[in-house]
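Chemist: So you can see what is in the structure, the chains are spelled out below.
Number of protein chains: 4
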Amino acid sequence: MTIKVAVVGAAGRMGATVCEAVEAAEDMELTARLDAGDPILSESLGGADVAVEFSVPSASEANTLAILEAGADAVVGTTGWTEESLGRVRETAERLGRSAVIAPNYALSAVLVMSFAEKAAPYFESVEVLEMHHPNKVDAPSGTAISTASRIAKARAEAGVPAGPDATQTDPDGARGARIDGVNVHAVRLRGLNAHEQVMLGNPGEQLVIRQDSFDRSSFMPGVLLAVRSVRGRGGLTWGLDSIMGL
Amino acid sequence: MTIKVAVVGAAGRMGATVCEAVEAAEDMELTARLDAGDPILSESLGGADVAVEFSVPSASEANTLAILEAGADAVVGTTGWTEESLGRVRETAERLGRSAVIAPNYALSAVLVMSFAEKAAPYFESVEVLEMHHPNKVDAPSGTAISTASRIAKARAEAGVPAGPDATQTDPDGARGARIDGVNVHAVRLRGLNAHEQVMLGNPGEQLVIRQDSFDRSSFMPGVLLAVRSVRGRGGLTWGLDSIMGL
Amino acid sequence: MTIKVAVVGAAGRMGATVCEAVEAAEDMELTARLDAGDPILSESLGGADVAVEFSVPSASEANTLAILEAGADAVVGTTGWTEESLGRVRETAERLGRSAVIAPNYALSAVLVMSFAEKAAPYFESVEVLEMHHPNKVDAPSGTAISTASRIAKARAEAGVPAGPDATQTDPDGARGARIDGVNVHAVRLRGLNAHEQVMLGNPGEQLVIRQDSFDRSSFMPGVLLAVRSVRGRGGLTWGLDSIMGL
Amino acid sequence: MTIKVAVVGAAGRMGATVCEAVEAAEDMELTARLDAGDPILSESLGGADVAVEFSVPSASEANTLAILEAGADAVVGTTGWTEESLGRVRETAERLGRSAVIAPNYALSAVLVMSFAEKAAPYFESVEVLEMHHPNKVDAPSGTAISTASRIAKARAEAGVPAGPDATQTDPDGARGARIDGVNVHAVRLRGLNAHEQVMLGNPGEQLVIRQDSFDRSSFMPGVLLAVRSVRGRGGLTWGLDSIMGL
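Protein chains in written order, with full-length UniProt numbering: chain A, 1 to 247; chain B, 1 to 247; chain C, 1 to 247; chain D, 1 to 247.
Don't read these hints as lab results, they were simulated from the structure.
These numbers were taken from a predicted model, which means no experiment stands behind them.
Be careful, since some hints might not be right.
For chains that are exact copies, the list does not tell them apart, and a pair is met inside one copy or across any two.
[To be verified] Taking lysine to aspartate or glutamate and the EDC-like style, the derived pairs with C-alpha atoms no more than 16 Å apart in a straight line are:
| no. | residue 1 | residue 2 |
| --- | --- | --- |
| 1 | K154 | E94 |
| 2 | K4 | E84 |
| 3 | K154 | E29 |
| 4 | K154 | E125 |
| 5 | K4 | D38 |
| 6 | K4 | D166 |
| 7 | K137 | E26 |
| 8 | K137 | D166 |
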């Protein structure tokens, strides 16, 4: 059974890549490409079962609500959501009997690194996070690394694991990096790289390294398609891909 | 509350390392060191709650049954178990109301790599396994790598994922390595290494790498101590650390 | 002083990327784009100082000779050269007082990995080569890996270093990979990867790993531009970038 | 021809490891083990051709001068040398027609990483250094990492290469690490690790990674033995293993 898919924000770089991925998927049909200014209605979506939304933070909530009102389920990749915005999407989806998936990261490898790091962290004495990006990135560390460190810290706190050992006494230039919730985070910027994250965990005599590489925009497509195939019938709001992936 | 621990096979290299680890653990007391020829009885175990068994395959089943009969729970690290042997340990433990943990690998990082690889494998087009060991190892690939590949293959088959893409037409010298249940496995032998495994998974635009390093024998101790702390009250036989670790 | 550069094979994927790189370089001017069938003459090259040739093996020697005859130096990226073809280019360049650079690989990182591996190999007991590519590649191992292994083997032989230790007795499925001149070579094929090579060297207690990643075609451009800037006045034929890079 | 070797500081951990390595080497004979307080004379050195010195910074210069006066060549692993101390060793060696090798690091892999990083650095837009150590280390970054960054910076300055690109605008917690001579250096501390260094270099579309692992003290032995075999006849002072290794 073919899933009818519309793309909102189809003129953007991510939106255009989603259009290509949907057209290449054997079980999907692209019914509409909408851009800024196009009305979001049942007709303009071409009778889509699911609409994928990649626009800008200032437009994303209104677009998502309109998608649900138009009778489609929503898969949203735009970032910058607040708890309040998410609450309004949840309420609208529940009221209308529709479903929305909103995820901060559609790279399956990134979702898995965070989940695996969280699961492994209570079993190791030491854990540190290294993120590597292209040198045009303006913020350090990356949002994904902050989120990873926070989830690691929470998992260790819940398991009663103490902070990792660190005898550092002199570090005049800050080589030990940032501490996010007690977890050291390091940011590398290198021409040629795109977006990469590595979590290192250590015990006496052993090390566990979990690493992901997003080489380009296409890395988000397997996650977007997975959400499109899974959104139907979930009901209300699903935040992140973890529950869809059984993590 | 202190756990009383006996070690069977205490003169061996692994057994000696276990004795050290038990003595260093604040919540444990070493009650006895037994070697080949020593009778395994309640008295000779020093009233141990748990006996850790690291001997040789030819002695391990008899030792484990004797531990259970002597009124202790068993944590067993010797390899080479058959289904029949495991069945006899399960029956004995259940009949006596005791518990046994038998694991093919006590390195937490190795257990996690296998479990994570299994969970991730259905979400990626490609997956290959690389194991690296010291050059004195006589078999290739390692048992852990074979087990990892089998679990990956099973998880992909159950999820209906096809074999990974591979256009190789000419490979006169076998550079593509072994195929274990359809998963390519590569074995590196290098002076200076001990035991290391790396699983690589690929999708369009992204890669996930899960790697573990066992630098020396001490890498097994966190897993042995975890089993000692968890065996009590589990009942019957627990195979591997996965369920103990909530994997 | 601006270098005038023509591109022969400008309609191909590599050629088109070279055109972009030349246009983006502040010290270069793109004077002509030639394709299959276009005559290669001083006028058609637009008075170029240097012509970059990326065509097909069947055309490359004739193109290169024509470039030299037309009064330009040549930088050639097409593969598949024989000793005889290289000899004719050398003779022609020397006769005309021109220079040609022909390299089997223009990725600087790949050139460096081979050179560094060769320099390091005599100092380590063990060395193995791992190459990783996209799954559409038809041959294994890669030409670069074969070349790397051969150079390693030669350097070790010249230094009187024995073969690396390897106690493998059972390897029923070929996990130990290919042996190229006595050096084990492993080939991984993974969706999402492009072209990557890793050389691992081991001694008691230490490991050296030299790795390069070519994420896409643009990885060849720094090497092509380096050759364009260096070819003038070298005289005759320069094979590979090693001598240009002082390796 | 067997080389007669004495060890000064034989009771220390490094000294004891050197004694084992010398005894295991087929081309060497251990003639004496000297410790703090033992006089260093031709007789007490047992007629050694070469004396290996691993003591403490406060004793090392006096020991080295005494070794040279006693008629042996010196291979020195103690750290903490000043230019003045080195000058006195050089003068003494030259005056007596003897030779001394003093190296800040005898791990061949570490020596090679520094040399290769220096050679590669001018060819890449970006370069960063990552060092990883056991968590008992009191200083960050490591001396080796500082030295590596300095050599990289010097090589780039001499080649006229500008600083690497970095658009970072917000980094409130210092995730970008230390800047040593304009090169970012990151320090990881992880239980289970010993001493590891990784240099990452990036260009458009490509990356070069040079990494070394010192798993334990034995990693210094191949370098010490190389120096023992090479010191004879060099004359004066040789600083570091680079020139011995032809780097």
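Chemist: Are the hints correct? Go through all of them and say.
Modeler: Evaluated hints:
1. K154 to E94: The answer is neither: 30 Å in one copy and 37 Å across copies each exceed 16 Å.
2. K4 to E84: Result: close neither inside a copy nor across copies, 30 Å intra and 54 Å inter.
3. K154 to E29: Neither: 41 Å inside a chain and 31 Å across chains, both beyond 16 Å.
4. K154 to E125: Classified as within; 15 Å inside a copy, 32 Å across copies.
5. K4 to D38: The answer is neither: 19 Å in one copy and 48 Å across copies each exceed 16 Å.
6. K4 to D166: For K4 and D166, neither the intra-copy (54 Å) nor the inter-copy (31 Å) Cα distance is at most 16 Å.
7. K137 to E26: neither (35 Å within a copy, 24 Å between copies)
8. K137 to D166: between (30 Å within a copy, 8 Å between copies)
The structure does not agree with the numbered hints 1, 2, 3, 5, 6, 7 stated previously, though it agrees with the rest.
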